[in-house]
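Undergrad: Single-letter residue listing:
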Amino acid sequence: MLVNFQVVPAAFVAFFFAALNIGSIQLPIVLKLDSTLSGVLQGSLVLFVLAMEGARRRLVRLREG
Amino acid sequence: MDLAAIIIGLAGVMATAAPVIFATVGETLSERSGVINLSVNGTIILSAMTSFAVAVSTESLFLGFVAGMIVGALVALIVAFTSLTLHQSQVAVGFVLTLTTASLAYFLGNPIMGLSGPRVRSLPLPLLSEIPILGPLFFQHTPLVYLSYLLIAGAWFWIFKTRPGLMLQGVGERPAAAFARGGNVRRLRYFYTILGGALVGLAGPTYSLGVKAGWKGTISGLDGIGWIALALTIFGGWDPLRAALGAYLFALLQWLGLVLQPSLPGIPSQVLQVAPFPLMILTLLLVTIGNADWVSRTLAGLPEDARRLVTRGLRSLYVSPPAGLGTPFEKE
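Taken in sequence, the protein lines are chains D and E.
For the first sequence, my numbering begins at 1 and goes up steadily by one.
For the second sequence, my numbering begins at 1 and goes up steadily by one.
None of these hints come from the bench; they were simulated from the model.
All C-beta atoms, glycine included, are put in the ideal place defined by N, C-alpha and C.
There's no promise every hint is true.
[Stated by the list, open to error] To list a few chain E residues with every Cβ distance to chain D over 10 Å, as calculated:
id : residue
1  : 12
2  : 92
3  : 102
4  : 112
5  : 130
6  : 173
7  : 264
8  : 271
9  : 311
[What the hints assert, rightly or not] Have a look at the derived ranges for each label pair, beta carbon to beta carbon:
id : chain 1 : residue 1 : chain 2 : residue 2 : range
10 : E       : 149       : D       : 45        : 41 to 49 Å
11 : D       : 30        : E       : 292       : 46 to 54 Å
12 : E       : 2         : D       : 16        : 24 to 32 Å
Just chain E, same shape as in the assembly (with noise of 0.2 Å):
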């Protein structure tokens, strides 16, 4: 394979890691305020069919993006409602809309399945997109795939870098102390998780009408990628920059998965196909393995250099929650 393939492939890579760069930002700053919001995989499904249908009736890029993103802050709004005032589970609602909003996209996207419509067009960067090599892989892309770009910085910067974001971290860890230093939990609560609900919502119309353009029901390709999202939020340790690091990975993989099915003909294609999600299991297994009990027994069997050097490495990738997630809180 020559240079210039490789760069399209890498390019490639970029282009599809941006909307799970959006769902998995998203779920972040969700999940930072301490709620879970387990409906990723059918909020973006039923906005990509929702997009994907307002662009082909009105012929508008931007109403199908703002539709996406207004499915993605409904849903997450029946999280929030749900959990927040009617203190139900999380995790149960979460998990029971995913099912629904997915079935809810194939029952009303049947009659827009195979369609033609609009497409983002790539917008290459002057300047910027004739430097060598980085230029056909950073900014020969769409403007969403740039978005993405901003997104990681922007909720890099937001979270740890201002007020509100160490607001945001104190009502994700300790709302009590939050609430005490002057914090709306619940009000801030609410805002992230619509918040987040909405760039969850801007994953589907990427795919609908970019990555993958136009809406196919259950063979468009987008079943699971939700689940994704939400093992690269804690792959990232609730850090927008890691968790972005996480999804060019997986985009990575899914193209290896491509790549290497010719040179090596006696695995069979499926395999490299699926390869990147047990390839995420596995990463999970890491990160959140360093803090079980029955590791520190068994690795103290180990030789003292043995030991010390599988903790640090274990120690070096274990993320932890934040502490209130998925706890409701109530004023005394």
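Just chain D, same shape as in the assembly (with noise of 0.2 Å):
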């Protein structure tokens, strides 16, 4: 859904959400933070952007009439 069903830009995205798992276990370490916060900006991102991509259907929508 975020990738709008296009393989291409999945692996790019696949490689971001593997980035930020892997970067979650440095997270306690390097920031002093606990690892869950990857977890809450992974959710974070994945509902803004569904959040947006709904938003911006409903203004096309409503300019349509």
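With the hints as a guide, dock the two chains, each given alone in a separate frame, to form the complex.
TA: Quick look at the structure:
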């Protein structure tokens, strides 16, 4: 859904989320933050993208009357 | 095992089933209106953490419970807004929310991990608690357990015996028809999703301020309960009574897992602890399998008597979801 059902961008998005997952292990060591923060960031990001996509479609619908 | 120990164990089953009942009835109300709120698991964890934090800081159990319900209602509001207003997939939003809220609970709950806090005390009901066997089994609990009894009966009565309940069924089954009959489909869906979310949110403090008092982060043992509540909603055929039976069955299986452990030393304890979960999956399979084409084809090969018996058995278990579940509704 994030990549609008396209294969090529899916690889980049998967890489991004994989980086977040791996980076979460470093969070407690480097920044003294709990690794669960990574889950919050990932979830919020996906939710935000979904909400923005919905808002964009709604605006387009409203504009078209 | 003597009778007293069995009664104590079964009373524990009634107590541990209470939060599952809150969550299941909440989800039933939400899904009856046509909205799937998949965020139940994370909502329970977040509301458990929030209510414990509020109860510890204010030393008020009441405020703790209110906080838990507000958290549940807010998460449900996000599900309702993104699905009903922004027309995004209810499944995707709910799933993302369950991951986000659980992570948020573990992240924000770090400072209060392991603290001791207030706990809901037992309140044996006068006279009723004196009844032999039944008294200790049903009437020597916390007020939350009594509330779960009332909720089961109240939700069933509301859905099947009142006019607003009939409208709720209509909104979930045939939203267009409900709209034609004067029902405000979107408003009703918002209302029941938020109400259902608040009930799911009540399950959290029932754990952290009652059944499993305290907040222990990822080892709180709450992860997975929300998925069971979702499974029970389906198992119960979107009927609070049947769903509550499923909740008691799940709690009973969990208790049996503990009780049978010493008697079955050959089986690893982990197997008995997780057994209720695959058993619930099997039960779900049983209640939905009756509708599959391949089952009818397989049964056709059986002798007439056996076929009839199996078909009747599967049909008695079979449940069908509200026809409008998960589908958006737009006024023409």
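Undergrad: Looking at residue 112/E again, its CB stays over 10 Å from all of chain D?
TA: Holds, because the least Cβ-Cβ distance between residue 112/E and chain D comes to about 13 Å, which exceeds 10 Å.
Undergrad: Could you let me know if the closest chain D CB is still more than 10 Å away from the CB of residue 271/E?
TA: Residue 271/E is indeed farther than 10 Å from all Cβ atoms of chain D, at 29 Å.
Undergrad: Given a hinted range of 41 to 49 Å, is it respected by the beta-carbon distance of residue 149/E and residue 45/D?
TA: holds (42 Å)
Undergrad: Could you let me know if the closest chain D CB is still more than 10 Å away from the CB of residue 311/E?
TA: Per Cβ check, residue 311/E is outside 10 Å of chain D; nearest 40 Å; holds.
Undergrad: Would the least Cβ to Cβ distance between residue 12/E and chain D come out above 10 Å?
TA: Residue 12/E clear of chain D: closest Cβ-Cβ about 31 Å, beyond 10 Å.
Undergrad: Was residue 173/E rightly flagged as not at the interface, with every chain D Cβ beyond 10 Å?
TA: Given a closest Cβ separation of 25 Å, the condition holds.
Undergrad: Could you let me know if the closest chain D CB is still more than 10 Å away from the CB of residue 130/E?
TA: holds (48 Å)
Undergrad: Minimum C-beta separation from residue 264/E to chain D exceeding 10 Å: can you confirm that?
TA: Consistent with the label, residue 264/E stays out of reach of chain D, its closest Cβ about 36 Å off (over 10 Å).
Undergrad: If I claimed the Cβ atoms of residue 2/E and residue 16/D lie 24 to 32 Å apart, would that claim hold in this structure?
TA: violated (60 Å)
Undergrad: Hey, does residue 102/E actually stay past 10 Å from chain D on C-beta?
TA: violated (7 Å)
Undergrad: A range of 46 to 54 Å was offered for this pair. Does it hold for the Cβ distance of residue 30/D and residue 292/E?
TA: holds (52 Å)
Undergrad: Is the Cβ of residue 92/E more than 10 Å away from each Cβ in chain D?
TA: About 6 Å separates residue 92/E from the closest Cβ of chain D, which leaves it inside 10 Å; violated.
Hint compliance for this structure: hints 2, 3, 12 are broken, all remaining hints hold.
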